[in-house]
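Starting from the structure of chain A, add chain B where the hints point.
Chains A and B are the protein sequences, given in the same order.
For the first sequence, the positions run 1 to 209 when the UniProt record's numbering is used.
For the second sequence, the positions run 1 to 209 when the UniProt record's numbering is used.
By construction, these hints were calculated from the structure, which means they are not laboratory data.
Take these hints with a grain of salt, some might be off.
Derived EDC-like pairs: lysine to aspartate or glutamate, alpha-carbon spacing no greater than 20 Å straight-line [said to hold, decoys possible]:
id : chain 1 : residue 1 : chain 2 : residue 2
1  : B       : Lys203    : A       : Glu201
2  : A       : Lys72     : A       : Glu62
3  : B       : Lys142    : A       : Glu137
4  : B       : Lys142    : A       : Asp180
5  : B       : Lys203    : A       : Glu161
6  : B       : Lys142    : B       : Glu74
7  : B       : Lys142    : A       : Glu134
8  : A       : Lys72     : A       : Asp130
Number of protein chains: 2
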Amino acid sequence: MSVADINIARMSATVITYHLRMGRWEPNARGRLEQAALELFGERGFEQTTAAAIAERAGVTERTFFRHYADKREVLFAGALVMKDLLVGAVAEAPASASPLEATAGAIAAVGAMMQQRRELVRQRQVVVDANPELRERELAKMSTLGAALTGALRDRGVGELTARLTAEAGIAVFRVAFDSWVNDPDAAELPDVVRASFVELKAVTSGE
Amino acid sequence: MSVADINIARMSATVITYHLRMGRWEPNARGRLEQAALELFGERGFEQTTAAAIAERAGVTERTFFRHYADKREVLFAGALVMKDLLVGAVAEAPASASPLEATAGAIAAVGAMMQQRRELVRQRQVVVDANPELRERELAKMSTLGAALTGALRDRGVGELTARLTAEAGIAVFRVAFDSWVNDPDAAELPDVVRASFVELKAVTSGE
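Pulled out of the complex, with its shape left as it was, chain A reads as follows (with noise of 0.2 Å):
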């Protein structure tokens, strides 16, 4: 098995079953919200949105608001926790013939996928994060809660710790690589592939002398 060989197709029903079960209060309400949180600090900027107009366009109460998000920083960084869970699922559940690369690099492809589907939304979040200092500084500090997250669920395969640290640092290094080439060019190809290739590069970076 290769890194360029991993299954993801199983990963889009975590996706659904994690929407249905955010859901059950109001249809469709979350995603509402985070589309209209988008579209106004995209307008607006994100210091000058507030969470009540962020309802408004959504056509909820600000009640309704507050029982999905704690303040509006969350709607950016909700995804942090689908994407802790789909990685370490993703890890868990990676054949047991998989090297630790190959199982970093399953699950990284997998939350490639996730955001594959939500294209737009990623992108219109990524510039809001960009024009943000403190919103940048907290983006770091998610891919470091990640790369921690990734630790543990190799540790907890039998990898031993400095192999499981190093492959999931590395690993969480091309996914922001992956990413930065993938965010800003519509012509760029999907982004489990553009992972997949990134995962490639890095074989041949590290094995050239």
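Just chain B, lined up with the frame of chain A:
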């Protein structure tokens, strides 16, 4: 030439030059301020320590403090500029025969050598940073900046964009893992050796199928 053979002796001269340059106004004032700041941050906490208290402990005026540092946080992060110069300089000066990964590994080992010389101060600093969420976020931002500088230095060697970014980000990942395993372990090997061993491990991780 392999990653394990990188010669870093040349770097000592850079470090010495730096210390001379920064200390030209008042011999050792900067070093005493740094030592005093780290002691006070450790004793009282970062929040509870003022620039005035740092100056007093160092036996200099508050004005001298502000001639060296914009604020107390800068005492902890001024070293980032030195690290950046070291990284960029070492990549630029790596032999033409060095691969992108070798040039990166040599540069990161050079940073490791500088830190090894300042082991106790680096350890004290890390305790302060780890204890404070805002400082931890700033530390992540520093690492991101160093990754970008390393990418630029590789690009200047004619390395393609994707390869440069992947190599730089993977290099920073290796550094973080090596640093973490070294900083809190009194029995750790010297940091440049830990860095080199971690690059060897990265190669093993990425070459295994």
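Status of each hint after checking the structure:
1. Lys203/B / Glu201/A: holds, 13 Å
2. Lys72/A / Glu62/A: holds, 11 Å
3. Lys142/B / Glu137/A: Between Lys142/B and Glu137/A the Cα gap is close to 10 Å, so the pair holds against 20 Å.
4. Lys142/B / Asp180/A: holds, 19 Å
5. Lys203/B / Glu161/A: holds, 16 Å
6. Lys142/B / Glu74/B: Distance ~12 Å between Lys142/B and Glu74/B Cα, so the pair holds.
7. Lys142/B / Glu134/A: holds, 14 Å
8. Lys72/A / Asp130/A: The given pair, whose Cα atoms are some 16 Å apart, holds under the 20 Å limit.
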